Every structure is written in structure tokens, then in C-alpha cells.
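Engineer: Modelling step: build the complete structure from the supplied sequences, incorporating the hints.
From first to last, the protein sequence lines are chains U and E.
Each residue of the first sequence is one higher than the last, beginning at 11 in the working numbering.
Each residue of the second sequence is one higher than the last, beginning at -10 in the working numbering.
Calculated directly from the structure, the hints in this document are not laboratory data.
All values reported here derive from a predicted model rather than from experimental measurement.
Check the hints yourself; a few may be wrong.
[Unchecked claim] Listed below are the simulated DSSO-like cross-link pairs for lysine-lysine, each with C-alpha atoms no more than 27 angstroms apart in a straight line:
1) E:Lys66 <-> U:Lys93
2) E:Lys56 <-> U:Lys93
3) U:Lys126 <-> U:Lys147
4) U:Lys126 <-> U:Lys93
5) U:Lys126 <-> U:Lys311
6) E:Lys5 <-> U:Lys93
7) U:Lys207 <-> U:Lys126
8) U:Lys147 <-> U:Lys207
9) U:Lys207 <-> U:Lys311
[Unchecked claim] Derived coverage of chain E by chain U (criterion: at least 3 residues anywhere in the stretch with Cβ under 8 angstroms from a Cβ of chain U; other residues may be distant):
10) 23 to 37
11) 55 to 63
Glycine residues also receive a C-beta, built at the ideal position from the N, C-alpha and C atoms.
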Amino acid sequence: MQPAVQFYKKPLPSGLTIFNCNLERRTTPAASILTLLNVLYPNGSSNASGSFVDIGSGQGIPCLAAALSGRFSIAKGIECQPKWYESAVLLKEVYDENQDAKDACTLEFHCDDATKPAGHLEGSSCVFLNSVTFDAKFCQQLGHRIESDLAREKTAGDDIFVVSLSRRLPLPSFDLVDILRLNANGEGMYTFYVNRKANTQSTFYAITDSEIMRALRDNDLVGSLVAIARGHADERLGLSLLAALAGSEPVVRQYMCCPVLLERLETSIDSKLATLTQKALGSMVLRAMSDHPVGRSAIAKSDSLLDELLAGISTDEEHPALRANFLDIFSQLLYDSPLDRISVELNETTERLQEDNAALVSDNLREALAETIAMRRWWDGHKLEISNSR
Amino acid sequence: MVPMSRTNVVVNLAKKVLCSAGTADAVQAPLFQELISAIASSNPTPAVPRVPPSIHDDPRYPVQDQKFHNILAKSEKQYDILAQSREEYLTESNATYGYVVSLLVTIHATCSAVL
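Structural biologist: This is how it looks when you write it as C-alpha cells:
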């Protein structure tokens, strides 16, 4: 053991309360991390060449548990708060004295901002975030950082997992493969969202993926079906098939390989040219796509598609059910993206519509309006209050 | 004869739709509608979070847990030492501060007496 004087030379943590609290109480307990890893790597399979990264690692408990699991060559914690980082370093120093554990996995901690491009995530096979206290903007920044850093790892032979608590991060190239309930933060059960980037065939499938959908993909039929649906003479059938297929997250990712598809959907909801049926079906496809981060990302990046959606919301001549559908799509987009360009315009439109009670002929529209405004305010930093009263 | 699974039926249906792609739409429509219905009804309902099997059933867990708590216990001792050192530092600082103040008072008193 290193002499205690080594610690005295370091800057003292600013808060003394840390010394009185149980280390495990306000973090993810080791048992939850080990349970999670058992789910991610079933049947004792391991990924000893990969690394476990904890973003917002706090006092380092999850990293220590991952290091002791024997599944990783590196367990790395990134923490921006110096006082927590200092605590984690103490844990690492004790861990390093245990030669058995040290041989199995390297434990390291960095006092850094995880949203900055520092290369901490490169080579990761499992990224963990106790994101309970992360706000929407920070989640979006982290999502972009993870997407960017792990894009280079696409050729690696193993799956990459990203696990977040309480909310799913905007990760267009990842599938949601599991939702778990585990103890965390000393307050009971929390929801763990398990996202996976597929690099190999494995037993994990997107939870939105039915057996039939997987069979269609395994037989290379989805691409051909999309092509036929896109160009079918009977638009009702074509768009209906696209909406049915869009229930699956991996299929929506496959949609992105067909850039003309978005143009086709844009035409289908054209406020001037499309018929009511076309708009209804086109909005159903977009609504199904917006359930997934990959679909939300694609819609949010298309300025012309956003303009068409906004035009549909803004006009009083549009059918209320369609406007509700468009607003639902927008509320989904706001979950991941700030949409700065049109946020002010959308704000004015939704508030005007809500004030104009005569225009609210549909409960669905009223609900959609309320949800859109709530999501936008939440994005702006307001507390999101959930109430049964209307 | 082995009955075909529902999945195989839908895959065959999709293949039929693709094969008939060049034919009149009137022929395709019933197949299309059947395929749409089969795919839409196959989409899973929204997932409910599940509680995974207990870690306590894993034979590796007791060893991992023992190692974990050994390290944690040592680390907590380090925290205690650090906390104690801070308290001693503050106590020493207070003592030093008190000494300096008393010295100043003495000097002041001495100077006052001389003057």
C-alpha cells in the first residue's frame, strides 16, 4: 500500500460529505453491473480485448465491477467533477495493489469532458452511462460523440453496446435490443436501455424486430420490397407496406440506403399537391420512422421534409388528424434534436393553435399539441411534469 | 408433410409479390394486402422492461463480489485517512493561526509598553 502522504499532496476534494457516505449508495451497484454484463455477454462469452467505458464514472464503482468481471482488457472511467475523480483515483490505487486483478484488466480514470473529442471511446466494446441526471442537450452531445467515436470501430469483429439509464440516447446507428430493470443510485429499480451496434451475427435483435421481419431481411427481400413499394402504381398499397415495414428499427436503417425514399415521402405529404389519402399514409410512414433514432435523425436532417411538415401543421385547412400526426412526428424529433432552425416558428404555431379552441376539434390534436409544447419546453430546460389531469 | 411456419409463409408471400412485380397491379393487390397485413400484425407490442436473472445464481459472482468488497473496504479506509488528515490539517492550521495571533498580541503589548 502506498503511504498515505501520497494522498495529502493531491488537491483535497471540495466536499467533505463524501467521506461520510457509503460509496455504493449513490452509484450503480457492482451487482447491477455484473448482472448487466451477464446479459450482454451470455454463456460466459467475453471480450477480453475490448474496453468498458463509464461516462460520468463518479467514484468508479461500475468501472471496478467491470474490471473484476474479467470480460475486458481495460475499464475506463470519465468524470468531469474533480472531487469524484479524486475518489476514483483512490479506488484505482487500491485496485492496482491487487496483482491478480491488475493482470486481468487495466483500470483507469480520466478527469475530462466526455463530449470533447479526446479519443476515450475508441476501441470500446461497452459504453455505460448512469444518465439519470443528464439533461436532454447533454444527452444529444454525448450521442453525437459516441456515434462519431465508435463509427471508426465498425470493422471490429465484436458488437458494441451502449447502456444508458432512464432514457435512450440519440444513437442512429444502434438498435435498442433490451430494456432491463436493475438497482441503481440507492433508490430502487431503474430502467437500463441496452443499445447494440451490430458487427456480427449474434443472439441480439432489435426489440422492434419481429421474427418475420428478420426472416425477410435474412432472405434479402426487404430492399426489393422497399423498391416495389416506393414505385407501386397504387400509392395506398405502396405507402402502407412502407409504414408496416417501418415498425422495425433495422429496416428503417435500411431505408436510409435509399435516398429517394425520403423525397418520395416528402411528395406524399406535399401540402399543395398530395391528396388527403396520400398525406395520411405518408404521415403514417414518417410517424413509424420517427419512433426510432435513425428515422428521427433522417427526418431532422431534411430541411424540405421539415418544411412540408411545418406547412401541414400551420394551415387551418389541414385535416385535424393529419395535423396531430405531424405534431406527433415533431414531438418525436424534439426528443433527439433541438431543431433550432424551426423551433421558434413551431413555438408560435403550436401556441396559436392551442389558444384557438375552435380549431381543436380532435382530442388527438389537443394531446399532440400539449405533448409538442411539453417536449420543447423540456428541451429548453423546464421540468417535465406528468399529470393525469387535462 | 411438415407444416410451414408462419414466418416461412410470409417469406414465400413476399417472394410471390416480388415475382409478380412486373404483372398487372390488379393481380398484385391481394398479395400486397395480405403481405402488409402479415407484416403489420407481426410487429411486436411496445417492450416492457424486464428483470434479468439474479447475479447470485452465477458461480463466479461470490469471488468477484469478495474481491470487489475487499478493494472497496481498503479504499474506504484511504478515505478515512484522507478525512482525518484534513481534520488534522485544519486543527494544525487553527493552532498555527492561534499562535500567530498570540504572537502579534504579545508584540503589540510589548511595543505598547515600550512606547
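Engineer: Under the constraints set out in the numbered hints, which ones does this structure not fulfil?
Structural biologist: Failing hint: just 6.
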